[in-house]
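Enquirer: Each chain, written out:
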Amino acid sequence: MNETPGPVYIEDTLEQIRGDGHLGYRSALLPTWCPGCGYFSVSEGVTKALNDLSIPGKDVVVVSGIGCASRFPFFMETYGFHTLHGRTLPVATGIKQANDALTVLAVGGDGDAFAIGAGHIPHAARRNVDITYLLLDNGIYGLTKGQASPTSAIGFVTQTTPYENRDEPLNPLMMLLAYHASWVGQAYAGRPHHLTQMIAEAIAHRGFSYLHVLSPCVTFDKTDKTYANLDLEVRDLPDDHDPSDRMAAMAEAAKADTPSLGLFFREERATLGDAMTEIAERASGNYPSS
Amino acid sequence: MGNNDIQIAICGSAGDGTIAAGDILKRTMARCGYKVIAFDLYPAEIRGFGKCVARVRISTEQAYSLKHQSDVLISLNDSDAIAHVGEVRDFGAVIFEDSPVARVAEGAHISAHVRPAQIPYGLSQRQISERATGAARSRNIVVLGYLAGLYGLPADPFRDIIAAKFKTKAAAVGEGNLRAFDAGLQAGAAAFKLDDIALDPPIHGDKGARATMMTGNGAVERGCLDAGIDTFFGYPITPATTIMERLAREMPKTGGRMLQTEDEISAIGATLGAGYAGARAATATSGPGLALMVEMIGLGVMAEIPAVLFVSQRGGPSTGMPTKTEQSDLNLAVFGGSGDAQRIVLAPTNVEGCYRCAGKAFEMAECYQTPVIVLLDLYLSNRYETVIPPETMPFAPKAEQAPSAPSGDGRYRRFEIGENHTSRRAVPGQAGGMHTATGLEHDEFGRPSDQAQMHMRMSTKRHEKLKQALSHPDLTICKRFGDEGPVDVGILGWGSTFGEILETMFAAQAEGIRCAAMKVVMLSPLPVEQIARFLADCGEVLVPEMNYEGQFANLVSGALGRPLTRLNCLTGGPMEIETILEQVRALAKARTAA
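Those protein sequences? They're chains A and B, same order as listed.
Counting from 1, position 151 in the first sequence corresponds to residue 151 in this note's numbering; the numbering is continuous, with no gaps.
Counting from 1, position 411 in the second sequence corresponds to residue 411 in this note's numbering; the numbering is continuous, with no gaps.
Chain A with its partners taken away, still in its complex shape:
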């Protein structure tokens, strides 16, 4: 899985970057993230995935909440909605209800999603709203300068946990599997090529896709979810993992100390948009009654 870098020649790279078109998805604003932040990998991955899938920027809406990760839409040459803390998924659901044809990406951090916004996740998942949720997990509140989050490890020292964090961290993958998300995967900002590929698969999935991205905060976390630690901890999912087996996915997700990368679970089922179409047919009497 380790991506051993070969020799890189700057002329070749520049030619490749300009040539393939993915820069067209990047806005003129310079990202506000710290140098080395994992979010650069995600941002790069999203532009490449959209380019690979040939989805025009005008048909994409990037929705976010509040936090470092939630600054994401400003750096994209697409439509964007930077909403309130924790409220990414309701707004994304509304956009999709208004227009099924749009590609909607919800982007947020671990605090935005699993602290203030945790009540919305099960409902977007169970309704199978056809959106992609990119969860950028750095285990800390960065925009407010370093406080514990729901995914911070026990023993983690932050501004608000000076005597060490004592709250058990959540296991987001197990939660999303239990919520009946129809696509659940995990990637790592330190594996950008794999990350790009996972983002493209998540967007291509019809239904609610949840991609958990392990993404170090280089400024406020020097001890726990660092590149150095994560490089040693991450694994590939076993070759024989069956992504249609929810319980097997649960068992893999439970191994939180050695996070596995790849597709945990996938199923095809009716989306919220499909349900709305069926309801409209029933209401207008065009649906065969049971």
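Simulated from the structure, these hints should not be mistaken for lab results.
Keep in mind it's a predicted model, so treat the numbers as computed, not measured.
Built from N, CA and C at the ideal position, the CB exists for glycine as well.
It is possible that part of the hints are untrue.
Unchecked claim - To give a feel for the contact side, a few chain A residues facing chain B, derived at Cβ under 8 Å:
| id | residue |
| --- | --- |
| 1 | I55 |
| 2 | K58 |
| 3 | T93 |
As the list claims (entries may be wrong) - Derived list of chain A stretches under chain B, where covered just means 3 residues or more per stretch with a C-beta under 8 Å from a C-beta of chain B:
| id | segment |
| --- | --- |
| 4 | 86-92 |
| 5 | 99-105 |
| 6 | 111-124 |
What the hints assert, rightly or not - Using 20 Å as the maximum straight-line C-alpha spacing, the simulated DMTMM-like pairs for lysine to aspartate or glutamate come out as follows:
| id | chain 1 | residue 1 | chain 2 | residue 2 |
| --- | --- | --- | --- | --- |
| 7 | B | K253 | A | E278 |
| 8 | B | K398 | A | D100 |
| 9 | A | K58 | A | D20 |
Given the structure of chain A, go ahead and fit chain B onto it with the hints provided.
Expert: Relative to the frame of chain A, chain B by itself:
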């Protein structure tokens, strides 16, 4: 007396069919062409022996509220109805069960409470029902028949409405109830008539045939549908739930989408999302839900996104009194949220106003790119009035949105400070319109900016654009009634209370008091000039409202600095005309004495 305007109160315990009897009565009278206003009181609990009262006012001319005295009281349960004998006028009728099945303790029978000036009509409700249907359950229909017989009300419309009401039940139920009605009718026709409530025939205008019965919430639903609502998101809460329930049934028939969300925050969040994406979107809630939504209203104001919120107030604070009415969420609706978040707030005063404000709210939200709140209360949401549907569609269809042509630097300015402070809005899917909407202060492109000049310019834009709403076409934002020119007493009102205010004004005029009234429908932005002109004509100004401190009086005196006399009632029920009238008399007297 009372030949063109009678009010009937039916009182019983939950389960007696009180509300159902009132429903048949009001539908029948509306079908006959009378004007009808009706409002039911019922307990918050679904089961148990709570008291129910159905009041129906039937008149040949337009009425504006219930009367404080009823002409007829029908008791289906004496222990509940005894407290209401007092509301029956002199020479009015009290109809009750005269053959109770069990011994009645002294003083527990309603006949012991009827005043000498009232006319008692004993009726063997239970026996007649049992003979007609084999069960006592149809007592509520028997008394309707008796009422029709006693006052010569047309029987066939009753039969039609009863048959329609029980259409979904087994055929025997409908037939039994029709027999019960006829048996009651016979008894009523045979009764010796001591009073003179016999109704004048209805005045049939051209429009009479098209008149229909509607509640405030029903009118909101119609307004939404006629304005072409695309998406609705809601979370159940009394007394707003029926808006969502009605739309859930009707919207999908024309491809609209209703979604019940996980809470009020997601309901308004999704409404903003849909509005951003170009839909006509709305949600509905009550005070506690609005308290959860105000952060999102701020986002809608900042990001300039159209959204419509229907808010039906109930007794507060906190969970308060879910099935009782109040006007205590004005402050929250007008001011709720962080920062300077001005929005449009409309408060209709009657059922027809609910329809008009509902449809206009979508136009205005779109036109001025802002959240619009339509503020009702339980009394308005649940009361029935006869309304005449408009002949032509009164609402403008959804306007095509399009980004403006790129200016010099080739980039679209979503928040360009242009004519009237509004900008061209692009929606996702349109080429050349890409931008990010945000709750952060931003520049004309939508890029985050916290420069002092930018914040000042953008705040000006957001406030000034709303002033156009004061001259929005085909919407009454305030209106004066009563005597022209200078008056002794002016009554200033808003919302559901205005019906009682108008009735009070007519009564005061009849007593020779020079009196006028003004209703204010647009609470934000406030039509300050029109209100100031009205107040300049008034010697004294009375502001009756159903809250403790006078939230509307505070709003007006804050804007105009004029001392106002407040009249605040917090009973959970509509204000009483007599209470307002006493104040008007006192103010008029003080003025003539001065």
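Enquirer: Run every hint past the structure and note whether it holds.
Expert: Right, here's what the structure says about each hint:
no.	hint	result
1	I55	12 Å, violated
2	K58	5 Å, holds
3	T93	5 Å, holds
4	86-92	holds (count 5)
5	99-105	holds (count 3)
6	111-124	holds (count 4)
7	B:K253 <-> A:E278	11 Å, holds
8	B:K398 <-> A:D100	19 Å, holds
9	A:K58 <-> A:D20	18 Å, holds
Checked against the numbered hints listed earlier, the structure breaks hint 1 alone; every other hint is satisfied.
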